[in-house]
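Novice: Residue strings, one per chain:
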Amino acid sequence: EAQVTQNPRYLITVTGKKLTVTCSQNMNHEYMSWYRQDPGLGLRQIYYSMNVEVTDKGDVPEGYKVSRKEKRNFPLILESPSPNQTSLYFCASSLSWGDQPQHFGDGTRLSIL
Amino acid sequence: AQSVTQLDSQVPVFEEAPVELRCNYSSSVSVYLFWYVQYPNQGLQLLLKYLSGSTLVKGINGFEAEFNKSQTSFHLRKPSVHISDTAEYFCAVSSTDKLIFGTGTRLQVFP
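Protein chains in written order, with the numbering used here: chain E, 1 to 113; chain R, 1 to 111.
Hint data in this document are derived by calculation from the structure and do not stem from the laboratory. Computed from a predicted model, the values in this text were never measured in an experiment. Every residue gets a Cβ at the ideal spot worked out from N, C-alpha and C, and that includes glycine. Where hints are given, some of them may not hold.
Listed below are the simulated BS3-like cross-link pairs for lysine-lysine, each with C-alpha atoms no more than 27 Å apart in a straight line [unchecked claim]: (1) E/Lys57 to R/Lys49; (2) E/Lys69 to E/Lys57; (3) E/Lys57 to E/Lys71; (4) R/Lys69 to R/Lys49; (5) E/Lys65 to E/Lys18; (6) R/Lys49 to E/Lys71.
A few chain R positions that, by computed beta-carbon distances, are all more than 12 Å from chain E [what the hints assert, rightly or not]: (7) Glu16; (8) Leu56; (9) Thr86; (10) Pro111.
A few chain R residues that face chain E, going by a derived Cβ cut-off under 10 Å, partial list only [what the hints assert, rightly or not]: (11) Gln6; (12) Ser9; (13) Tyr32; (14) Phe34; (15) Tyr36; (16) Gln38; (17) Gln42; (18) Gly43; (19) Lys49; (20) Leu51; (21) Phe90; (22) Ala92; (23) Ser94; (24) Ile100; (25) Phe101; (26) Thr103.
Could you build all of it, start to finish, from the sequences and the hints given here?
Specialist: Okay, structure coming up:
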């Protein structure tokens with residue numbers, strides 16, 4: 001089954017404790033992206049990757065890091081999480097950029113205390 | 001700069017009634033337009049997309065949308081909604097280097 005898998009689905013942690021949210025897709029998609037969803041703000045793009053070893057900042061990259069060492073994986077790293085990063089996070093992938101629809105994971109709800 | 005405006009944050013409607021969810025965008029370049037649906041505790045799913053050609057686009061679950069270039073709108077419609085259509089709906093605009101989502105419209109269908 002074609003899918004985007006995120007882990008964990010839920011995480012409660014404390015300020016400053018490094019964490020990684022994994023994202024994996026099995027569709028051989030070139031394009032991958034991370035979004036955060038906050039009430040009243042819709043989805044905002046954090047980082048995206050056009051292909052392996054190619055990443056770029058989205059609209060809200062501060063406090064986040066990503067890497068794309070393999071085509072299928074695109075982890076999101078919070079080196080020193082803060083409470084303002086409490087949010088619902090989505091990973092998405094698409095065959096290419098622009099006219100191709102995004103396939104979304106089921107989301108990761110992060111709470112930073 | 002591009003932007004997407006979903007004018008209604010919530011739309012309550014009775015079952016079997018028609019519904020329209022409004023989306024306006026601004027862009028100085030050609031765009032691709034999408035509508036996504038998000039059911040509770042799930043990720044977003046594609047409802048329909050406009051890339052080019054016919055301005056009336058049909059999607060899944062009986063939804064359709066009309067691209068209006070002069071009004072820069074891409075409103076989503078369904079002639080008769082069902083309880084199971086209760087969800088959040090997002091309009092999105094893609095151009096050469098950005099994908100921008102609207103803030104979402106929560107459709108609540110009542111029996």
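Novice: Name the hints, by number, that the structure is in violation of.
Specialist: none
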